[in-house]
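What follows is the residue order along each chain.
Number of protein chains: 2
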Amino acid sequence: MLTFEGQKIQGVEDITAKLTSLPFDKRRHVISTIDSQPSTLTGGIVVFVSGSLQLPGEEHHLRYSQMFHLVSTLEGNFFVQNDIFRLNYG
Amino acid sequence: MLTFEGQKIQGVEDITAKLTSLPFDKRRHVISTIDSQPSTLTGGIVVFVSGSLQLPGEEHHLRYSQMFHLVSTLEGNFFVQNDIFRLNYG
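From first to last, the protein sequence lines stand for chains A and B.
Here the working numbering is used: the first residue of the first sequence is 1, the next is one more, and so on.
Here the working numbering is used: the first residue of the second sequence is 1, the next is one more, and so on.
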């Protein structure tokens, strides 16, 4: 599940459609902090990232924060179960 | 588990000591956004909050983001399993 600026999007197809619609292939993306913790009951990991984006043609950086909840499968892989993204307006 | 500005703190006693050491009883605290998603495998909830803090004697607001992972007990209560806090520096 993805929550992007408050918009809730569920399922692989809809999330892929949303992410590919964003102009992120042209942006500069700088990560400032990464924090992670074990999410022990699920064998997963919660990850919290903050950073800034610079969009093409824009001088100013946009600050953002994002969290992921990575959950492990029985085969030892991980998938993104939860993804929440917010711009941090000054 | 609490990660506060990159400092990792584990266990009820140490987290309580950290939180009570902060000057949050005197701050103004304004929440801008709250996003939440079910964390289905655990019967829990992930919550993502952004907002601003104003400390006593300071004119400027500090922007922050914070995530919680709430996990349910067999009795139907919730506890905070993961808590990550970051100030968003401009």
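In case anyone wonders, no lab produced these hints; they're calculated from the structure.
Check each hint, because a few of them may be wrong.
Per label pair, the in silico range of CB-to-CB distance [stated by the list, open to error]:
{"no.": "1", "chain 1": "B", "residue 1": "Arg28", "chain 2": "A", "residue 2": "Gly43", "range": "35 to 41 Å"}
{"no.": "2", "chain 1": "A", "residue 1": "Gly6", "chain 2": "B", "residue 2": "Phe78", "range": "34 to 40 Å"}
{"no.": "3", "chain 1": "A", "residue 1": "Leu55", "chain 2": "B", "residue 2": "Asp25", "range": "36 to 42 Å"}
{"no.": "4", "chain 1": "B", "residue 1": "Ser72", "chain 2": "A", "residue 2": "Gly6", "range": "37 to 43 Å"}
{"no.": "5", "chain 1": "B", "residue 1": "Pro38", "chain 2": "A", "residue 2": "Leu74", "range": "16 to 22 Å"}
For glycine and all other residues, C-beta sits at the position ideal for the given N, C-alpha and C.
How the hints compare with the structure:
Distance hint for Arg28 of chain B and Gly43 of chain A: a CB-CB separation of about 40 Å, consistent with the stated range 35 to 41 Å. Our hint of 34 to 40 Å for Gly6 of chain A and Phe78 of chain B is violated, since their Cβ atoms are close to 23 Å apart. Checking the proposed 36 to 42 Å range against Leu55 of chain A and Asp25 of chain B shows it holds: the Cβ atoms sit about 40 Å from each other. For the hinted restraint 37 to 43 Å between Ser72 of chain B and Gly6 of chain A, the CB-CB distance of approximately 25 Å leaves it violated.
Against the hinted window of 16 to 22 Å, the Cβ-Cβ separation of Pro38 of chain B and Leu74 of chain A comes to about 21 Å, which satisfies the hint.
Checked against the numbered hints given earlier, this structure breaks hints 2 and 4; the rest are met.
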